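Please take these sequences and the hints and turn them into a complete structure.
Residue numbers (the working numbering), protein chains in the order written: chain E, 1 to 536; chain F, 1 to 450.
Keep in mind that the hints are not guaranteed to be accurate.
Claimed, not checked - Label pairs and their in silico Cβ distance ranges:
(1) E:Tyr33 with F:Lys82: 40 to 48 angstroms
(2) F:Ile248 with E:Pro95: 46 to 54 angstroms
(3) F:Glu140 with E:Tyr518: 24 to 32 angstroms
(4) F:His384 with E:Tyr518: 51 to 59 angstroms
(5) F:Gly335 with E:Tyr518: 39 to 47 angstroms
(6) F:Arg121 with E:Glu387: 41 to 49 angstroms
(7) E:Asn172 with F:Lys82: 43 to 51 angstroms
(8) E:Tyr33 with F:Asp245: 39 to 47 angstroms
(9) E:Lys511 with F:Ser450: 39 to 47 angstroms
What the hints assert, rightly or not - Computed footprint of chain F on chain E, listed as stretches where at least three residues anywhere in the stretch have a Cβ under 8 angstroms from a Cβ of chain F:
(10) 158-166
(11) 328-342
(12) 419-430
(13) 495-509
As the list claims (entries may be wrong) - Some chain E residues near chain F, calculated using beta-carbon distances under 8 angstroms:
(14) Tyr145
(15) Arg147
(16) Tyr433
(17) Lys435
(18) Met445
(19) Pro453
(20) Thr456
(21) Glu457
(22) Leu479
(23) Val487
(24) Glu515
(25) Leu516
To be clear, the hints were calculated from the coordinates, so they are not data collected in a lab.
As the structure is a computational prediction, the values presented were derived from the model and not from experiment.
A virtual CB, placed ideally from N, CA and C, is assigned to each residue, including glycine.
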Amino acid sequence: MILIDQHSKAIMEECKRQARIAGLSFSQETLEYIVTNKDMIELSPKVMIPTLYDYWVNDVEVLKGKGKYLVYPSNPYETVINTRPAISFYNDNNPDWLNVMIYYHVLGHIDFFQNNALFENTWNDDFVGQALSDKRLIENLRIKYGRWTDYVVEFARAIDNLSGYFQQLSVNNYPEEKELSSKLDYYFQFFLQEELKVPEHIIFNEISRYNNLFEKDPHVAEALFFTSIKEKHANFLSLYEKYLSKKQSKPQAKKDVIEFILDHSLFLKQENNQWMKSIISIVRSTSLYFNPQIRTKIINEGWASYWHDKLFRSDDRMKTHEVAFAKINAGVTSISRVGLNPYAIGLRLIEYVEDLANKGKMTWGYQKLLNIAQKEDFNIGLNKGQESIFALRKYFSDFTLINTFVDQDFVDRHDLFVTGKRYNPQRQTIEYYVKSRKAVDYKKMLLDSLYHPPVTEVNESKTNEKELYLNHLFEGKQLVKEFIPDVMVALEFLWGGEVKLETTEIIAPQKQGGELTYKSVIYSIKDRKVSKSDKA
Amino acid sequence: MKQKFSEAIQELLYLGLTYDEAKLVLENNQYEVIFNEHQLNKNIYLNDDFDMLQDRSVQSRLSPTSLKTLEDLIEQDNQRVKDGFPRRIRIGKLVKPTKDNKGQVIIVPTTTEPKFYHDNRITEDPNDLGETGGTGDEQEGDILGEQQAQPQQGEGEGQGAGEGGGEGHDISQEAFDLGKVLTEQFQLPNLKDKGQKRSLVKYTYDLTDIKKGFGQLLDKKATMKELIKKNIMLGNIGEYFNAEDLIIAPSDHVFRIMSKEQEFESQALVFFIRDYSGSMQGGPTEAISSQHLLIYSWLMYQYQNRVETKFILHDTDAKEVEDFYVYYQSNIAGGTKVAPAFELVDKIINEEQLEKDYNIYIFYGTDGDDWESDGKKTIEMLKHLVGKVNRIGVTVAKNSWSSSKKTTVETYLDKSELLNTHSDVIKIDAFKADGVTQDRIVEGIKKLVS
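Printed below as a string of structure tokens:
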């Protein structure tokens with residue numbers, strides 16, 4: 001791995017200047033490396049982080065690669081890694097003009113990493129340095145504890161996708177000033193619902209009574225609101241004070257499964273098992289580090305593609321390379337005839353939002369229109385396009401981008417459809433067919449393709465020192481059954497006692513045209529024996 | 001007109017486009033294309049800047065170097081069992097389609113990290129195989145393309161068939177390694193020494209050795225090369241030269257001399273026989289092919305690569321096919337008669353006089369169906385064969401619909417008493433084909449070869 005030469009660095013610096021003029025913002029220092037094939041072998045199983053801890057599964061990946069013509073790496077990685085300073089990797093033999101285009105793309109990524117809210121918890125990280133110290137720590141433990149080090153890594157990795165990324169992110173900018181006062185909060189959340197157990201319409205009445213008071217005079221609304229309540233319910237104040245004494249003062253991130261185990265596992269608390277905690281924490285924080293990246297694949301690639309296209313086309317250095325650029329750019333950003341290209345979908349969505357904002361279509365005036373012709377011609381020249389896409393870059397993730405902006409106009413504009421794949425028993429073929437052109441189906445298909453680990457939480461009321469009780473919140477998809485026992489083994493090891501997992505199974509219909517049925521089941525593990533029973 | 005993707009690519013390459021250009025043309029909707037399956041299965045997280053912008057092919061990321069060798073990993077896996085944890089290393093195989101549409105089987109170690117994942121496989125319609133994006137002007141319901149339904153390829157996660165050329169791997173190159181792994185990892189038995197048939201070293205005499213200056217046969221071409229090489233060094237050969245000016249020394253004459261060559265003869269001959277009738281479609285075919293591939297690999301290791309194979313497919317008729325790939329891929333909608341397959345084996349053994357030179361193994365895979373329900377001819381043939389061969393291993397991979405009671409083949413084998421009278425030669429293993437695991441398949445091999 002060697003740094004790029006001065007000539008190429010000068011090209012990069014000029015690209016940075018142009019990108020800044022266009023409005024991108026990123027830290028001044030960046031590192032660019034030329035990587036050889038050998039570097040790539042070591043990097044790709046490690047998600048391009050040169051200093052990531054060693055683990056035998058990576059070795060299998062490399063061995064697997066030996067025999068394979070095409071290996072699909074199991075983790076997404078970028079040419080750019082999100083660390084301080086940002087590091088990017090290049091092929092040795094790119095011509096200058098191509099490097100200009102790639103540098104713009106890379107700067108798009110760096111700008112995204114350093115401004116998008118999902119990355120907030122990585123903004124101050126020198127991750128490469130952090131990973132190096134983690135790697136050294138694990139290496140030292142391996143010398144001392146041998147293969148048990150790898151078991152702990154393995155078992156921690158078995159649950160590393162259950163890390164509470166969003167919980168942790170949400171406390172950063174928690175809008176406390178938007179919160180109701182704790183008194184109101186108690187009244188609506190707990191007093192009405194849990195103490196009085198009033199029907200819903202009464203709660204709604206109360207809410208509107210408060211809102212009316214608030215509209216008249218925000219300053220005295222609360223005082224007025226509670227005067228009548230104190231008359232009606234004499235015990236309200238005493239109950240409220242009781243509630244206050246129990247309540248924690250600051251909002252805190254809910255503990256994820258790994259944290260819960262770290263805090264409460266009696267096994268890990270034992271003197272001679274303390275070292276395991278460091279490994280588990282490393283695995284968890286590494287997983288958290290990759291979370292924003294995997295949750296912004298489409299928007300990040302769309303953003304970088306948008307800027308390499310825009311900046312390179314207005315760059316003098318493109319001259320005489322127009323055709324070659326067009327070819328490469330088309331290869332990167334053309335919508336797949338069948339399949340999903342995140343670069344293409346991301347770019348189209350960003351351009352779509354820019355267009356909507358330029359024409360003022362994100363206004364009530366447009367949205368209330370019903371006439372198709374009027375809708376098509378609508379343009380009030382608002383020119384908020386750039387502003388809007390910079391807002392996308394700051395606040396949006398793949399999920400919010402798709403969920404907000406994939407509508408019928410977008411789907412129709414690019415002739416998009418959902419491709420279905422089905423087995424034709426008569427012809428004994430697999431057919432690809434146009435399954436739907438409806439935006440709602442297209443959106444669902446896109447959302448289904450996004451990274452979304454099963455939400456699994458500790459059920460604290462059913463958990464005690466001996467037994468850990470987990471709830472998988474069913475979101476319409478069951479867990480992959482084949483993996484459940486192995487994960488249970490990992491959980492039992494780390495917890496040091498029995499573990500139960502409550503989840504839902506889907507039962508396929510017995511005959512054609514039948515319906516799916518659902519069943520709650522509980523997996524238990526004791527002494528490494530996994531059993532399954534129906535939930536009573 | 002519909003064309004296969006690979007054919008369309010070929011055509012465009014012929015027209016002088018590069019592979020990437022051809023792909024671009026095809027993806028931009030200028031051809032009706034039957035799409036390659038793996039295109040559909042690629043998920044969005046597999047597109048990355050290296051592939052998309054710098055066009056660095058994935059292949060170049062690979063290298064023979066790695067931190068742990070396969071042996072290390074297997075040893076680690078054995079240690080896992082001792083520590084009371086499940087094995088992690090599995091053996092996967094890939095079928096790589098190639099230009100001649102035959103494909104090659106590649107064997108790789110694989111592992112999957114168990115985690116809680118969402119399962120998308122369960123749908124109301126069993127024929128529904130998932131969805132992805134697309135673009136074009138077809139109407140809802142229009143068929144975009146189709147591909148031949150093949151037996152499921154690969155085991156474990158993260159595998160798929162690739163496309164394109166590249167240095168191929170013949171199955172036999174990989175099979176030796178796999179056999180070693182199988183023997184070590186799954187504790188498959190080592191073969192007993194079969195006495196005289198074991199040492200089959202053959203010497204042949206041929207004019208293969210090369211000697212300068214003297215010998216039995218002058219190699220004119222090699223001599224000419226030597227001559228030119230020397231004269232270039234002497235400066236006698238420039239842009240123009242006269243052959244008469246060239247200098248030749250006696251030592252420049254290159255001769256061939258007679259030499260003794262040691263050859264190892266194949267010691268084992270394996271017949272793989274498979275029912276490829278309609279009822280075998282899907283699960284049974286996959287299970288049988290997997291098992292036969294593993295058996296083949298194990299024998300390759302046991303006989304240090306000196307294994308010859310013959311592949312036979314049958315429906316109501318039997319035929320010999322040339323290689324494992326055809327054996328693995330073929331399907332037909334015909335009926336089922338078992339006897340012709342064994343008759344063909346006997347015919348081959350007799351015609352080629354194989355009995356005296358080889359340890360002969362027969363492995364037969366079926367779903368248990370036979371139109372001759374008494375199996376009279378089959379039993380007769382088997383009785384005849386047991387005297388000639390070392391082992392007949394019968395695998396019955398039952399279809400999901402077949403009831404738990406015994407299949408036709410199992411029934412008549414039981415009745416014939418062959419399994420008792422010749423228990424040292426004939427072995428049988430039966431299991432349900434659907435959802436059969438690699439461990440179960442290997443378990444079956446143990447039964448068949450022990």
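Which earlier hints turn out false for this structure, listed by number in ascending order? 8, 14 and 21
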